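Protein chains in written order, with the working numbering: chain A, 12 to 294; chain B, 50 to 249.
Because the hints were derived from the structure by calculation, they are not lab data.
This structure is a prediction, so every number in the text was calculated from the model and none was measured.
Some chain B residues well away from chain A (every beta-carbon gap over 10 Å; in silico):
#	residue
1	Thr-62
2	Ala-64
3	Glu-72
4	Gly-123
5	Ile-138
6	Thr-195
7	Arg-204
Cβ-Cβ distance ranges computed for the label pairs, FRET-style:
#	chain 1	residue 1	chain 2	residue 2	range
8	B	Pro-132	A	Asp-211	49 to 59 Å
9	A	Gly-279	B	Tyr-70	15 to 25 Å
10	A	Glu-168	B	Pro-159	31 to 41 Å
11	B	Gly-163	A	Pro-200	13 to 23 Å
12	A	Leu-44	B	Phe-155	42 to 52 Å
13	A	Gln-174	B	Gly-123	29 to 39 Å
14	B	Arg-140	A	Leu-44	56 to 66 Å
Taking lysine-lysine pairs in the BS3-like style, the calculated list, with each CA pair at most 30 Å apart, reads:
#	chain 1	residue 1	chain 2	residue 2
15	A	Lys-119	A	Lys-260
16	A	Lys-126	A	Lys-97
17	B	Lys-71	A	Lys-286
18	A	Lys-183	B	Lys-109
19	B	Lys-109	A	Lys-182
20	A	Lys-169	B	Lys-111
21	A	Lys-169	B	Lys-109
22	B	Lys-111	A	Lys-183
23	A	Lys-182	B	Lys-111
24	A	Lys-126	A	Lys-250
25	A	Lys-190	A	Lys-236
Here a beta-carbon is modelled for each residue, glycine too, at the ideal position from N, C-alpha and C.
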Amino acid sequence: MKFLERFDQINPQIVYLLMAVALIFPVLKPIGLPLSIDQQLTMPVYQWIESLQPGDIVIFDAAYGGGSDSELGPQLKAWFTHCMMKGVKVVGLAQWEAGATLAYNSLKALSEQLKAEGIPCEYGVDWVFPGYKAGGGPTWRSMQDDFWAACGNVDWEKTDFSQLPLLQRLKKWTPETVKGIMCFSAGSPGIPTFTQYFADHKLYVGDVAVQVAGTSNLLRSGQVKGIIPGLSGAAQYEKLIGRPGLGVKLMDAQSLGHSIIIILVILGNIGYRLKMRNTQRRA
Amino acid sequence: MSRTQVWVAALATLACYSYLYKENFFFRLAEHTMIPLAVAHVLTTGWHNTFLPYIETHVKGKGWWWFWIFFVMGVLYYARFLPARWAWITRYPISVSVGWSLGYYFSLFPRQYGVQIADAVRDLGVFENILFFLMFATSMMYFFLTVGGNSKPFRTAAQWGRWILMVGFGASFGNTVSGRISLFLGRLSFLLTEWLGVAL
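This is chain B alone, in the form it adopts within the complex:
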């Protein structure tokens, strides 16, 4: 990055962190600048990295002229902004998109989860695997809202499942904290090394 870019990035970083003190003009300036910049970035990278390569590789390269049909369908999404007399047109691309997505995901998703479900009951002669299965079963029972009724064993197992879920959420929360600290450390290392020139 050039020196000007480093200064802009550094000042924008400090403007965003100024919110920790209180809401202020510089934070709002950074916030309102970032949103249109992000949109512009997505549009330009989408044009150069997705749309143009598609034309080169598939339409011109392989002669797949029928790609233009999907382009037109994509444009029809914007029909929702037309007057009500024409806005219904947008239902066609939505229906094709939803139908295709359902078929795609239902045909592929079960595979990866099927492996994990089968793994939950593997080799129950090992203590660790028994423990895992019990945690898996009681966690699932927490969500059985129409089966089991008011029987005490079922409710007890569901309560164990709730505690196990909470332990899992706690582990996720701890990792989330680690991730957020890492984000700050990334910006900190940028400010110290690239902006201020401090050797770490």
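Same shape as in the complex, but just chain A:
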């Protein structure tokens, strides 16, 4: 019993060491734990892209920074790959400046890789990236009335919109011209911009794990149609499109890390209860 009581006060450095081993080992040597697809959260996003026709335009919003790139980056890549495989055209925007840089660099590299595999992914034809536009909510609202003017007629690399064939079909942002919005969100500004100004559009969210519990309210109320939850959501999406990538590779480590924490929480509570009981007995 005394041994169990010691779990109440485990040296934090031992916990860090355990976590480090639990996280690093499966990354180097994958275990191959099964990965299930969340039918309520991730599947609706996949089915949305699957239901679109080649040539349909969708818009994504990179509303995240460097701290969330490890979760939302794999989500963006998996979702973008799916769109390119289906022939769906993608227009990229960003409510965060950092998100614009991260998303653009990521997609530029990915598009070269997809082109090398024979998947059409030409900038200006299959995807464009106007990026971050200053002005907050009013700017995004004005994109509905005149997309070109609201974006200043130039994309992230200052290329004029008149030189981008895809944007000839997107003068106004309406539910008829854009077949849905994908918001990769890590905080504010983010989802509320769309629930406020784009309530009549189909909204799907790529969320950091921390926010999933809160965004589930919007899923239930129908304001959001689907959620890709964190890194596990990225792994699920990679599995759905048949292209396992970084998300799937890191899932074993996620599972082991969570298991270690659950075991330590249980042992810590056992130790605490035993200590309290012995203290009361002595008293």
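Using the hints, position chain B against chain A.
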């Protein structure tokens, strides 16, 4: 990234994680370097991605010369650093900013929450929806501090609400743990693939 950038990023990552062993010089060096770098990054990106595009798009492009009025108001924020004789000037931009924000948010925020409140009482013929409504109502009752008094049914319902809130916080905590592990895994994949060249 160039090889030098990768090495700097890798050493900075390891310096930050060295704190897990104990406080040390390398961690403090990384910490004190990151803060001014972050400020510099915000200033330069704000200048190039916000201020200059505003000038091009709106002031020059649309002839909205009155944008300069708001620029001056923004500069007036710094009046708080002037001697007390002039520091009161900063109250004007603050009052305009607060007033505008209140009007903006009060006109737009109720919409998204109104949808969720209405959804909480929809279709009460389905068991799941009844359960949801009960959880919603008892959670709200936990925060009714001036209504209900000491009646036993009310206090019981509020206690149920507290347990439901705790379950919700537990779910949030679990997702938070998942997010933090993902952050570490992101850095780990960078160290292994880009720094050490290990194929995953």
